[in-house]
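Next come the chains, spelled out residue by residue.
2 protein chains.
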Amino acid sequence: MEPILLYPDPAPPELAQALDLAGYSWKAASDERAAEQIEPLDGWSGAIICAYIDPERAFAFCRALRKSDSPLEPLLLLVNGGQLNDLELRDDLFDDFCLAPFHPRELEARLKHLFWRTGTGTRPELVEYADLVLNLETYQAAIGGRPLDLTYMEYELLKFLSSHPGKVFTRETLLSRVWGYEYYGGARTVDVHVRRLRAKLGEHHANLIQTVRSVGYRFGQSRWGV
Amino acid sequence: MEPILLYPDPAPPELAQALDLAGYSWKAASDERAAEQIEPLDGWSGAIICAYIDPERAFAFCRALRKSDSPLEPLLLLVNGGQLNDLELRDDLFDDFCLAPFHPRELEARLKHLFWRTGTGTRPELVEYADLVLNLETYQAAIGGRPLDLTYMEYELLKFLSSHPGKVFTRETLLSRVWGYEYYGGARTVDVHVRRLRAKLGEHHANLIQTVRSVGYRFGQSRWGV
DNA sequence: CCCAATTGTGAACGGAATGTGAACCATTTG
DNA sequence: CAAATGGTTCACATTCCGTTCACAATTGGG
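Residue numbers (this note's numbering), protein chains in the order written: chain P, 1 to 226; chain W, 1 to 226.
In case anyone wonders, no lab produced these hints; they're calculated from the structure. These numbers come from a predicted model, not from an experiment. Where hints are given, some of them may not hold.
Cross-link-like lysine-lysine pairs, in silico, DSS-like; alpha carbons within 27 Å at most [stated by the list, open to error]: (1) Lys27(W) - Lys200(W); (2) Lys112(P) - Lys200(W); (3) Lys112(W) - Lys159(W); (4) Lys159(P) - Lys200(P); (5) Lys67(W) - Lys112(W); (6) Lys27(P) - Lys112(P); (7) Lys159(W) - Lys112(P); (8) Lys67(P) - Lys200(W); (9) Lys27(W) - Lys112(P); (10) Lys200(P) - Lys167(P); (11) Lys167(P) - Lys112(P); (12) Lys27(W) - Lys159(W).
Using the sequences provided together with the hints, build the complete structure.
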């Protein structure tokens with residue numbers, strides 16, 4: 001997902017922090033020219049304008065963004081309580097607003113709804129490790145851009161392992177955590193699934209799942225370096 | 001201006017007071033039937049739904065309002081902080097939300113912006129995905145220019161799935177989100193509807209709805225790009 | 001270098017998940 | 001009231017994949 005444009009620069013720490021926490025990428029600019037210079041190739045995915053610091057310039061900035069050849073959308077305005085009157089007759093300058101001080105989850109919820117409304121796709125929940133990407137919403141996996149055709153248990157096992165990179169799990173632990181608590185099957189089942197996972201990961205990446213003899217399996221590199 | 005529909009009945013005093021203060025007229029109803037009976041000749045100008053009292057019924061009410069022949073708009077949702085998570089996957093049920101407890105001026109500002117927005121009318125009446133087009137106003141669907149003769153439930157299911165392309169839904173989720181909250185039928189019903197949808201989509205497009213074994217169904221391709 | 005323990009590998013079985021056709025039932029329509 | 005429509009359920013067919021087993025390969029200790 002492309003980054004969100006913030007105003008002003010530097011962005012208020014509480015705003016930057018909330019966005020980081022929610023997993024959004026962003027870049028800050030303090031005027032139109034700066035925004036143009038740092039604009040990504042694929043454009044902005046939206047903008048958040050802080051209007052409670054320098055209202056005049058903030059609204060001017062909104063206007064500039066909206067009147068350009070490709071109006072920026074969606075645009076979220078941050079205002080404090082005393083500025084609610086300023087919104088009047090400026091409806092065309094923003095798509096939603098949030099009262100400051102804001103709760104991070106309200107900001108996140110507004111962004112999510114805003115992106116949904118304007119058609120921009122929401123950001124999927126991912127588990128990533130190096131080339132490997134697991135999309136938790138779509139139950140799909142890919143490595144190095146190549147999609148993996150995994151079965152349900154293969155996917156679940158890989159998800160668990162890649163969520164705890166470097167850590168070694170015994171077969172019994174894997175059985176109880178991935179298969180279920182009251183599972184009574186043989187421990188060799190894990191071996192077979194690991195084998196199939198390695199095969200599907202391909203020769204290059206098969207070593208992502210390492211055997212720790214007499215202990216179990218580990219995903220990714222050891223935590224002790226190398 | 002036509003009155004605003006409030007839920008529940010009686011409406012929370014702070015809400016009623018804020019609306020009175022801002023000069024809006026309103027009527028309260030506690031279910032769909034009551035709302036129909038007190039509906040003005042010219043219809044509602046909008047709705048404000050209090051979801052922090054009885055969330056289940058509140059969302060069911062939203063759904064009813066949105067699924068009627070003439071979907072009610074705009075719809076403002078009142079929620080408390082703990083309910084922000086409940087908004088997920090319900091984007092289609094509301095146009096804006098306001099955190100409770102709210103400041104009267106924030107409510108007024110949101111209403112004003114909301115009315116302006118919907119007056120300008122930028123609501124997408126179409127759901128499109130590749131060759132598929134759903135016309136929400138006429139309840140018609142077409143793929144590759146060829147019209148599809150869908151039944152009501154088929155249409156609703158396809159609408160929901162295609163509104164969240166790439167995402168996997170369990171049968172239970174589909175039952176609760178498409179059929180309704182208090183639905184107690186068998187999960188295999190979903191299978192049958194999916195089968196008929198695939199048949200009507202035609203051989204070429206049947207794979208638009210994919211089976212994710214042990215999980216559920218997914219519409220369209222995944223969202224790696226973003 | 002040998003042996004035992006451990007792990008990798010291929011194949012086969014069996015059961016669970018899903019597809020499919022048809023019947024059932026409620027509601028609507030003429 | 002009969003016919004038609006559409007949603008639900010059931011029974012059966014089919015596919016899929018998780019599990020197990022037997023055996024081969026590997027590792028590490030003595």
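Hints, one by one, checked against the model:
1. Lys27(W) - Lys200(W): 44 Å, violated
2. Lys112(P) - Lys200(W): 33 Å, violated
3. Lys112(W) - Lys159(W): Status violated; Cα separation ~30 Å.
4. Lys159(P) - Lys200(P): 14 Å, holds
5. Lys67(W) - Lys112(W): With a Cα-Cα distance of about 24 Å, the restraint between Lys67(W) and Lys112(W) holds, given a limit of 27 Å.
6. Lys27(P) - Lys112(P): 18 Å, holds
7. Lys159(W) - Lys112(P): 20 Å, holds
8. Lys67(P) - Lys200(W): Distance of about 45 Å is beyond 27 Å: violated.
9. Lys27(W) - Lys112(P): Given that 27 Å is the threshold and the Cα spacing comes to 31 Å, the pair is violated.
10. Lys200(P) - Lys167(P): 22 Å, holds
11. Lys167(P) - Lys112(P): 34 Å, violated
12. Lys27(W) - Lys159(W): 31 Å, violated
Checked against the numbered hints given earlier, this structure breaks hints 1, 2, 3, 8, 9, 11 and 12; the rest are met.
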